[in-house]
Amino acid sequence: MNKKEIAANKLKSLGTNIIEEVSQNKVPYIKVPSRGTSNILYDENKRHYILGDRYGKRSLGNVKQIKKIAQMVYMANFCKDLVEREKTATLRELYYVSEGWDVDFGDQQESNIIGEDLEVTLGMTREDLGLMPEEDGASVYGKLKLLEGDIEIDAMRAGKSGYTISPTIDEVEFVEHDVKRVIAVETMGMFHRMVQEEAYKKFETLVVGLKGQAARATRRFLKRVNEELKIPVYICNDGDPWGFHIAMVIISGSAKLAHVNHQLATPDAKYLGVTASDIINYDLPTDPLKDIDVLRLKELLKDPRYRDDVWITEIKKMLKINKKAEQQSFSKYGLEYVVDTYFPEKLESME
Amino acid sequence: MARQAGELFEEFQELTASEFFRKNKQMLGFSGKIRSLTVVFHEFITNSFDAAEEAGILPEIKIDLKRVDKDHYILKHIDNGPGIPEDFITRVFCTMFAGSKFRNIQSRGQQGLGCSGCVLLSQMTTGKPAKIISGYTENGKLKGVQMILKMDVKTNMGLILDKKEVEVKETGVCVELHFKDVSYSLSEQGAYEYIRRTIIANPHAKITFRDPTGRKYIFNRATEIIPPLPKEVLPHPKGVTADDLIFMAKHTDKRRFRSLLTSSLSRMSTKRVNEIEEKTGIDLNKRPKDMKWEEAEKIVDLFSKMEFMAPPTSGLIPIGFDQIEKGLIEILQPEFVTATTRKPVTYKGGVAFIIESAIAYGGEAGRIVGDQRKAEIMRFANRVPLTFDQGSCAITEALKSIDWKRYGIKDLENAPITVFVNIVSTNVPYLSTGKQSVAPEPEILHEVRQSSMKVARKLQKYLRAKKAAKEEEMRSKIFETYVPIILKEAAALAETGIPEYEHVLAKVTRRAKAELLGEVVDE
Numbered sequence: 001m002n003k004k005e006i007a008a009n010k011l012k013s014l015g016t017n018i019i020e021e022v023s024q025n026k027v028p029y030i031k032v033p034s035r036g037t038s039n040i041l042y043d044e045n046k047r048h049y050i051l052g053d054r055y056g057k058r059s060l061g062n063v064k065q066i067k068k069i070a071q072m073v074y075m076a077n078f079c080k081d082l083v084e085r086e087k088t089a090t091l092r093e094l095y096y097v098s099e100g101w102d103v104d105f106g107d108q109q110e111s112n113i114i115g116e117d118l119e120v121t122l123g124m125t126r127e128d129l130g131l132m133p134e135e136d137g138a139s140v141y142g143k144l145k146l147l148e149g150d151i152e153i154d155a156m157r158a159g160k161s162g163y164t165i166s167p168t169i170d171e172v173e174f175v176e177h178d179v180k181r182v183i184a185v186e187t188m189g190m191f192h193r194m195v196q197e198e199a200y201k202k203f204e205t206l207v208v209g210l211k212g213q214a215a216r217a218t219r220r221f222l223k224r225v226n227e228e229l230k231i232p233v234y235i236c237n238d239g240d241p242w243g244f245h246i247a248m249v250i251i252s253g254s255a256k257l258a259h260v261n262h263q264l265a266t267p268d269a270k271y272l273g274v275t276a277s278d279i280i281n282y283d284l285p286t287d288p289l290k291d292i293d294v295l296r297l298k299e300l301l302k303d304p305r306y307r308d309d310v311w312i313t314e315i316k317k318m319l320k321i322n323k324k325a326e327q328q329s330f331s332k333y334g335l336e337y338v339v340d341t342y343f344p345e346k347l348e349s350m351e
Numbered sequence: 001m002a003r004q005a006g007e008l009f010e011e012f013q014e015l016t017a018s019e020f021f022r023k024n025k026q027m028l029g030f031s032g033k034i035r036s037l038t039v040v041f042h043e044f045i046t047n048s049f050d051a052a053e054e055a056g057i058l059p060e061i062k063i064d065l066k067r068v069d070k071d072h073y074i075l076k077h078i079d080n081g082p083g084i085p086e087d088f089i090t091r092v093f094c095t096m097f098a099g100s101k102f103r104n105i106q107s108r109g110q111q112g113l114g115c116s117g118c119v120l121l122s123q124m125t126t127g128k129p130a131k132i133i134s135g136y137t138e139n140g141k142l143k144g145v146q147m148i149l150k151m152d153v154k155t156n157m158g159l160i161l162d163k164k165e166v167e168v169k170e171t172g173v174c175v176e177l178h179f180k181d182v183s184y185s186l187s188e189q190g191a192y193e194y195i196r197r198t199i200i201a202n203p204h205a206k207i208t209f210r211d212p213t214g215r216k217y218i219f220n221r222a223t224e225i226i227p228p229l230p231k232e233v234l235p236h237p238k239g240v241t242a243d244d245l246i247f248m249a250k251h252t253d254k255r256r257f258r259s260l261l262t263s264s265l266s267r268m269s270t271k272r273v274n275e276i277e278e279k280t281g282i283d284l285n286k287r288p289k290d291m292k293w294e295e296a297e298k299i300v301d302l303f304s305k306m307e308f309m310a311p312p313t314s315g316l317i318p319i320g321f322d323q324i325e326k327g328l329i330e331i332l333q334p335e336f337v338t339a340t341t342r343k344p345v346t347y348k349g350g351v352a353f354i355i356e357s358a359i360a361y362g363g364e365a366g367r368i369v370g371d372q373r374k375a376e377i378m379r380f381a382n383r384v385p386l387t388f389d390q391g392s393c394a395i396t397e398a399l400k401s402i403d404w405k406r407y408g409i410k411d412l413e414n415a416p417i418t419v420f421v422n423i424v425s426t427n428v429p430y431l432s433t434g435k436q437s438v439a440p441e442p443e444i445l446h447e448v449r450q451s452s453m454k455v456a457r458k459l460q461k462y463l464r465a466k467k468a469a470k471e472e473e474m475r476s477k478i479f480e481t482y483v484p485i486i487l488k489e490a491a492a493l494a495e496t497g498i499p500e501y502e503h504v505l506a507k508v509t510r511r512a513k514a515e516l517l518g519e520v521v522d523e
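Chains as they are written, first to last, in the working numbering: chain A, 1 to 351; chain B, 1 to 523.
Next comes chain A alone, as it looks inside the complex:
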């Protein structure tokens, strides 16, 4: 069974359960796994966050819950139709479509939450259900050919800004590649530097420009590249707690999406830099840590995802030197330095 059939079946079973219960004169209910912080657990084996087994019951007999059930079945019907017709809709479109329904949503926030309820209840991502995020994913440059429908895309021939990962990345097939690794960078500035300096050639790599916090589609892309093409993923961000965390969400997933992390997290991805050690070793231009940076670093120390010794050492070191540095700070030694010197040295030490 492919993902579409699974999604359609699961959606159908939601309706079947209700109809069967009512036929037996029972009051039907839906089990919705709890998304509260106490039900979000870090799985040491899987190395990402997962949902625990606590759940809430939504009963048809409860005044406060019955409207949510109505909203869920309505949305499930809408999604089933999307999946069957191989269409997608954004959450915003879904919200406007719901205006014509017999149940309404107070605002888009309310419809987004029901969407998440549907995801966790069925154990599917919203992309599986035909619901797409608004924003595009990251930019990809390098020797990779993809097939989207019947159109072949070459990530080397999609212009200097590369191929933009589509929200429907799961529909895309990897056809051909000639790379040994993936390097994802936080800023588009660094992305363009690497394209200009032909880093893709030098390191036989795909260059991915994350544009800050990685979108769901980007994370899904990185996971698929890592697992399907079996090539290592490196992440290079700013050397500060925020850069660390952008990398960690790619590696171990976020708490908020605990129910779909198994499809999004890339536990084998590695953080290449900028580390506190890099700041010292390369004598990078720095800014002092702000109060909020210090606070965030201390939070990271308590976070189970940072339990690795290397992370703990680097975080403590940054707190000690009380400094942070941006990716672009290598320019101190010339624009080419980062590609000519930094990346080769770092990759060598990590591989």
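These are calculated hints, taken from the structure and not from any lab test.
We put the beta carbon where it would ideally sit given N, CA and C, even for glycine.
Do not rely on the hints blindly, as some may be mistaken.
[Claimed, not checked] Derived DSS-like pairs: lysine-lysine, alpha-carbon spacing no greater than 27 Å straight-line: (1) K64/A with K488/B; (2) K64/A with K410/B; (3) K477/B with K67/A; (4) K488/B with K405/B; (5) K470/B with K64/A; (6) K87/A with K488/B; (7) K31/A with K488/B; (8) K67/A with K513/B; (9) K513/B with K26/A; (10) K68/A with K410/B; (11) K68/A with K507/B; (12) K68/A with K513/B; (13) K12/A with K488/B.
[Unchecked claim] Far from chain B by the CB rule (all over 12 Å, computed), these chain A residues: (14) K4; (15) E21; (16) Y42; (17) L60; (18) K68; (19) E93; (20) P133; (21) K160; (22) F174; (23) E176; (24) E198; (25) R224; (26) D283; (27) S331; (28) K332; (29) G334.
Starting from the known structure of chain A, arrange chain B on it as the hints suggest.
Chain B only, in chain A's frame:
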């Protein structure tokens, strides 16, 4: 050249009461145009009530207020009381302090200046005489007399300008007076509101009022029970002053001070008198008239240190919670009303009082401000509305200190609520000469709080039940709305037909109702 004292004192002259008040009319309450008219209404209405009740008649009053010029009004006040015998008419309407004596009795009257004060105001502002018609029975015969009167302020006596016999249909008094410098207002302090509140606290009375625009208001009585007449009770030792003792000593027919004390004060046993004699060293066997001020002071000082039984409360006649409820229902047609009458207690250790509280919600309760109903506080002392000086009054203070949120009233100011408080006492402690606000004696504050909290609790119970009923209705509506939708959508999802669901719908509705009522839900 300096004048001699004798010359100066040639101009010194004694003022009669009438003359004094002519110069100080604000002391009669006649300050401000609106307030002056309210005081006039108060004096005539109170007099009519007292007269009717004493004669065992259910009071019925007709008031007609005409405006002849900007602030020139003619007031016609007609009652159904026993009337006034011809010989007493001038005393009632033209003599200040008529009948004033030391009496410890619960009364509506606040200043005792009454009708003569109103006649004085009329005469001072318009120069016109008063027209009085009195119908009364004499030797079993109905008699009627009409008088045109003026007040001679120099002598504090009435001048009869004209007098004739007239035919009357029943007993009662009709007064017609001209006033200037007064103003009719619909505000809280105005005459109309005064009548409305009076009727609430006196549900046995009927008042028909025609206002200056010609509009006729009929305030019907809500009960046929004439309240029992208050009895005079002896003052309690803790409630008297040295001056009171001297006054009693002057007016008594007792021959010894000892017997004066036991006969003029309550709770004064021989044992207590002996105790006083022993502790003060004053010979109580001497004649009352020989009592010196210092001695009276010494005795009063001792009273405050001695222990006495609480004062008798037989002289206090509350309106009664059921009568208050009737009055509020008649006038406000509220959605909910409740009242309570507390047991008598004392303040300052010796003055008995009773607090009565009521609360009315919805209907015409509350005061209309703009297009919204806001809470209003109605204060009364011995059934008389207190409409001025609200801010400084103990009743207001006590009500404001209550945490209304605890009683389900989120915002008292903006709730359609009328809070009614009546203080009943032979001696209401007023804060100022206007007698419009009650002094914050701790016991009074406490009683107002307790009684008002009790009625608030009842209102809370009502509001809760109302909310629950509304919720129940909302709940069954929710099921009726959503169950069919869910089944339609679920059937579409399951790609099957919609099953019979009436049974499940009935089940959930029934269960939700049981839950609301706090009953155990069986699965």
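Quick rundown of the hints versus the structure:
1. A hinted pair counts as satisfied when its Cα atoms are at most 27 Å apart, and K64/A with K488/B qualifies at roughly 20 Å.
2. Straight-line distance between C-alpha atoms of K64/A and K410/B comes to about 24 Å, which keeps the hinted pair within the 27 Å bound.
3. Between K477/B and K67/A the alpha-carbon distance is near 12 Å, which keeps this suggested pair within the 27 Å criterion.
4. Between K488/B and K405/B the CA atoms are separated by roughly 44 Å; this puts the pair beyond 27 Å, and the hint is violated.
5. The straight-line distance between the Cα atoms of K470/B and K64/A is roughly 16 Å, inside the 27 Å bound, and the hint therefore holds.
6. Of the supplied pair hints, the one linking K87/A and K488/B holds, its CA atoms being roughly 23 Å apart against a limit of 27 Å.
7. Straight-line distance between C-alpha atoms of K31/A and K488/B comes to about 20 Å, which keeps the hinted pair within the 27 Å bound.
8. For the given pair, K67/A sits about 18 Å from K513/B by alpha-carbon distance, which is consistent with the 27 Å threshold.
9. The suggested pairing of K513/B with K26/A holds, with an alpha-carbon distance near 18 Å, which does not exceed 27 Å.
10. Distance hint between K68/A and K410/B is unfulfilled; the C-alpha atoms sit about 30 Å from each other, more than 27 Å.
11. Using a Cα cut-off of 27 Å, the hinted pair K68/A and K507/B holds, with the two alpha carbons roughly 19 Å apart.
12. The straight-line distance between the Cα atoms of K68/A and K513/B is roughly 20 Å, inside the 27 Å bound, and the hint therefore holds.
13. Straight-line distance between C-alpha atoms of K12/A and K488/B comes to about 13 Å, which keeps the hinted pair within the 27 Å bound.
14. Residue-level check passed: K4/A sits 16 Å from the nearest beta carbon of chain B, beyond 12 Å.
15. Consistency note on E21/A: stated as away from chain B, yet its beta-carbon is not over 12 Å from all of that chain's, at 8 Å minimum.
16. Listed as outside the interface, Y42/A is consistent with that label: its C-beta sits roughly 35 Å from the nearest C-beta of chain B, beyond the 12 Å cut-off.
17. Taking the minimum C-beta to C-beta distance to chain B, about 6 Å, the non-interface status of L60/A is violated against the 12 Å cut.
18. K68/A, annotated as away from the interface, has a beta carbon of chain B within 12 Å; the closest lies near 10 Å.
19. With a cut of 12 Å on Cβ distances, E93/A stays outside the contact zone with chain B, its closest approach being about 19 Å.
20. P133/A, annotated as away from the interface, keeps every beta carbon of chain B farther than 12 Å; the closest lies near 24 Å.
21. Every CB of chain B lies more than 12 Å from the CB of K160/A, the least distance being 47 Å, so the non-interface label holds.
22. In this structure F174/A is separated from chain B by more than 12 Å, as the shortest Cβ-Cβ distance comes to about 34 Å.
23. In this structure E176/A is separated from chain B by more than 12 Å, as the shortest Cβ-Cβ distance comes to about 40 Å.
24. The non-interface label for E198/A is consistent with chain B: the shortest C-beta to C-beta separation is roughly 53 Å, beyond 12 Å.
25. The beta carbon of R224/A is kept farther than 12 Å from every beta carbon of chain B, the shortest such distance being approximately 30 Å.
26. Separation of D283/A from chain B is adequate, the least Cβ-Cβ distance of about 63 Å exceeding the 12 Å criterion.
27. The Cβ of S331/A lies farther than 12 Å from every Cβ of chain B, with a closest approach of about 57 Å, so its non-interface assignment holds.
28. No Cβ of chain B comes within 12 Å of the Cβ of K332/A; the nearest lies about 61 Å off, and the non-interface call holds.
29. Consistency note on G334/A: stated as away from chain B, and its beta-carbon is indeed over 12 Å from all of that chain's, at 62 Å minimum.
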